[in-house]
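Enquirer: Chains as they are written, first to last, in the numbering used here: chain A, 1 to 304; chain B, 305 to 628.
FYI, nobody ran anything at the bench for these hints, they're computed from the structure.
Check the hints yourself; a few may be wrong.
Stated by the list, open to error - Example chain B residues on the side facing chain A (calculated, C-beta under 10 Å, incomplete):
#, residue
1, GLY339
2, PRO402
3, MET436
4, SER440
5, VAL441
6, PHE576
7, ALA613
Keep in mind that this is a model prediction, so the values were computed, not measured.
Using N, Cα and C, we set each Cβ at its ideal position, and we do this for glycine too.
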Amino acid sequence: MSLTTTAMPDAGAATIEEAPQPPPRRRRRKRSERLALIVGAFILLPIALVWVYPFIWVFSSSLKSNAEIFGSLNPFTSTLHLDNYVRAWREADMGRYLLNTIFVTGMSIVISVTVNALLGYVLGRYTFPGKKVIYALLALVVFLPQGYTVIPIFDLIDSLGLSGSLWGITLAEAGGVSVIVVLLFAGYFAQLPKELEEAATMDGAGFLRIFAQVYLPLAKPVLATAVILQFMHAWNDFLLPLVLTLSQPDLRTLAVGIYSLQNQYFSDWGMMSAASTIALLPIIIVFIILQKYFIESFSGAVKG
Amino acid sequence: MTSTALSPPRRRAPARRVRARRGDLFWIYLFIIPGMVLTAMFVFYPMGASWYFSLTQWNGFSDAKSFVGLSNYRELLGDGMFWGSFGRSMVFVLIGVPLRVALALILAIVLNNIIRGRLSTFFRTVFFLPVMAAASVIGVVLTFVLSPSNGPIAFFLETTGLTDAPVEFLSDPHLALWSALLLHTWKNFGMTLIYWLAALQTVPSEYYEAAEVDGAGAVQQLIKITLPILIPFAVIIVILTANENLHAFALIQALTGGGPYYSSEVVEVYIFRTAFAPDAAGGVPRLGYASAAGCFFGLATLLIALLQAWALKLVADQRARLDR
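Make a model of the complete structure from these sequences and hints.
Expert: In structure tokens form, the structure reads like this:
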């Protein structure tokens, strides 16, 4: 802007420059764009409503009596039936399942994020003998055929003597390294300046402190992705906790517990809705608050 | 990933890797050990063990295994139940994947090009919501919503006069698989949508500006610019979606348990029943046989993983071209 004004200080030239040459066309386009937006929104709005209907139904049913739920479309209720939650919490053990889920999810996040960050850090910042072997092993993780691993994992947890405790499920949910997350950490640490380490070394910091206090705090975007992916996985996972708790109902997570009570309480829709809400609402709230980070984490699978 | 203000230009990154000093080597290997131990325990050992188990006869965790060679695989090849479930999993891939990928692309283009700003974000959130829900929990909820007696959908169809008798979405053997497929599409649709939106955002906006100067209309821009750039992404998105559709266990187990009369039993549900819930089949748990089915199925999905690697390379090549 300043360049053009110095080059052409004459006011006439400036008006010519700002003179609306393409406007007639552009304005028409804008109007058609606005029309498309309105039409699009009006088509999408009812679809969106149907899309989330099961959620609206389950949240509203959790506050109704069974008589109000059966054969009704009205999501509103005149009296709130919080007793659904009381029954779900006490009779159906949802309180215990919620605590189990929080423990398994929380601890498995701590384990898996730590382990992946440590591995990504050394792969991204150092060359050392055996590095290629590690990369080859990571490739094997991706490309070896899986088989039906839940049977050996059950066997392993059992022979470690962990089948009676939540730690067995927690370890299994943390699982091996996540190749995507390790590569994200490695790529991120690789592009941080090495001068940071030199400065820290002069201040007398050792290897561990340089990692924990200098580099790790800079890797927040990758840390967020790692936490989010593990949170989603552990909170919602089904087959593994199902098999690990087949003979241990007390250790069930919410995803398993609600499935297992399906037959026992098949006619008590109010209570089952309350139980489902206890399982669904926390992760949905977290998602809505942090959705920018969630979407970014999942997009990574495509953008590489 | 966005880089911080501190980070140097990307090009120089490889040169900045530090050659380890002797004292550091101890720490480096210490940092590697936890990851490798956990991976050995929960990835490599289970893989190898399940291949070994597939060669044994083993009825329950308390029982002893006996080595039977390839006989599980021979039986599997002639097992109509297995192939029936395999066919249903193929339906999930061959019909479910094109359906989801195409619909998600249309919505992604609408949300990227027509509806913008906050409204676009709102719709993205709405369509992504089912992805966040636990598949088993949403499966249980849907059995209520679709219940032919007392369910809201049945009530709606009846009061509006759309149907005379309640539709048995999940209990009619002719309908159950298709209901499960549509519900699985609904549940995971948002993920494919996010993939497409990410792909659309890689199209440089200068391309559109240049096309506009040349007088190209919206449709022409779509055909000449957007779609060609999306093709390599399409390969990845198809593969990721196919992989998801092969692993529909949680939703189907909670929705129908594979029933009625095995009509919605996909491979993973079949394997689970063989290994852990043999009552319906009238027998003992067959962990060896289930492992064989799992390994066989794993080989089939491996093909998909190989395709994925190839597709990722395509995208990397294209990005290099765009960056130039």
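Enquirer: Where does the structure disagree with the numbered hints, that is, which hint numbers, in rising order?
Expert: 2
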